[in-house]
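These protein sequence lines are chains H and F, in that order.
The opening position of the first sequence corresponds to residue 30 in the working numbering, with each subsequent residue numbered one higher.
The opening position of the second sequence corresponds to residue 30 in the working numbering, with each subsequent residue numbered one higher.
Hints listed in this document are in silico derivations from the structure and should not be mistaken for laboratory results.
Incorrect hints may have been included.
Heads up, the list lumps identical chains together, so a pair's fine if it works in one copy or across two of them.
Here are the computed lysine to any residue pairs in the SDA-like style, where the Cα-Cα straight-line distance is at most 20 Å [unchecked claim]:
hint, residue 1, residue 2
1, LYS91, ARG49
2, LYS47, ARG96
3, LYS91, GLU108
4, LYS81, ASP95
5, LYS81, ARG49
6, LYS91, ALA59
7, LYS47, ASP74
8, LYS81, SER97
9, LYS47, ASP84
10, LYS81, ASP99
11, LYS81, ARG96
12, LYS47, GLU73
13, LYS91, ALA66
14, LYS47, ASP99
2 protein chains.
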Amino acid sequence: MNLLSLFGKRGASASVAKNRLQILLAHERADDGSDAALISGLREDILAVVAKRVDIDPDSVKLEMDRSGDVTTLGIDIELPAARAS
Amino acid sequence: MNLLSLFGKRGASASVAKNRLQILLAHERADDGSDAALISGLREDILAVVAKRVDIDPDSVKLEMDRSGDVTTLGIDIELPAARAS
């Protein structure tokens with residue numbers, strides 16, 4: 030799976046002295062269905078389940094949504110003040 | 030955010046004739062805390078919230094976990110039979 034290996038390598042090289050959780054959603058459509066609602070809904074749901082497991086400072090959450098061609102991508106970048114679930 | 034732009038571009042070029050949802054989790058640790066439990070827990074939670082919004086065929090879900098250095102990465106690749114939430 031190319032995407033994943035690429036992502037892992039980049040993540041490892043971009044290490045900084047903070048605990049971080051990054052979540053990327055990519056929805057790839059074969060048809061023309063509107064997926065903005067799906068991605069937006071998933072964003073809310075996923076942030077909620079993450080918040081149950083780790084402390085999230087809302088100010089530290091960065092969201093980035095991109096739509097190009099058949100792929101809608103949402104990135105969620107969360108700075109973790111402490112690893113509560115470790 | 031380099032990771033996201035890179036991911037978006039790769040996703041767009043790898044378009045296939047199916048609806049797919051890909052989710053990547055990357056946990057980057059500044060310390061040595063065990064994050065396998067965090068990632069495993071998030072995997073279950075996220076699959077559960079995704080299943081509420083789209084039809085998931087369990088046989089179509091591919092999981093790939095990788096741990097290298099300070100970064101634990103989990104990839105979830107789901108083939109969507111239909112876009113229920115579109």
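We went through each hint and held it up to the structure:
For a Cα distance limit of 20 Å, the shortest separation of LYS91 from ARG49 inside one copy, 11 Å, qualifies, whereas the shortest one across copies, 24 Å, does not. Taking identical chains as interchangeable, the C-alpha atoms of LYS47 and ARG96 lie at most 20 Å apart only when they sit on different chains, with a minimum of 17 Å there against 29 Å within one chain. For a Cα distance limit of 20 Å, the shortest separation of LYS91 from GLU108 inside one copy, 9 Å, qualifies, whereas the shortest one across copies, 27 Å, does not. In this homomeric assembly, LYS81 and ASP95 never come within 20 Å of each other (Cα to Cα): the closest approach is 27 Å inside a single copy and 23 Å across copies.
In this assembly of identical chains, LYS81 and ARG49 lie within 20 Å of each other by CA distance solely inside one copy; the values are 16 Å within and 27 Å between copies. Taking identical chains as interchangeable, the C-alpha atoms of LYS91 and ALA59 lie at most 20 Å apart only when they sit on different chains, with a minimum of 19 Å there against 28 Å within one chain. Taking the closest pair of Cα atoms, LYS47 and ASP74 never come within 20 Å of each other, the shortest separation being 24 Å inside a single copy and 24 Å across copies. Proximity of LYS81 and SER97 under a CA criterion of 20 Å is satisfied in neither setting, with 32 Å inside one chain copy and 26 Å between copies.
With identical chains, the CA atoms of LYS47 and ASP84 are at most 20 Å apart within one copy only, with a shortest distance of 14 Å there and 36 Å across copies. Neither within a single protomer nor between protomers do LYS81 and ASP99 lie at most 20 Å apart by alpha-carbon distance, with minima of 32 Å and 23 Å respectively. Taking the closest pair of Cα atoms, LYS81 and ARG96 never come within 20 Å of each other, the shortest separation being 29 Å inside a single copy and 23 Å across copies. Taking the closest pair of Cα atoms, LYS47 and GLU73 never come within 20 Å of each other, the shortest separation being 24 Å inside a single copy and 25 Å across copies.
Taking the shortest Cα distances, LYS91 and ALA66 sit within 20 Å of each other inside one copy (19 Å), while across copies they are farther apart (24 Å). With identical chains, the CA atoms of LYS47 and ASP99 are at most 20 Å apart between copies only, with a shortest distance of 10 Å across copies and 34 Å within one.
Checked against the numbered hints given earlier, this structure breaks hints 4, 7, 8, 10, 11, 12; the rest are met.
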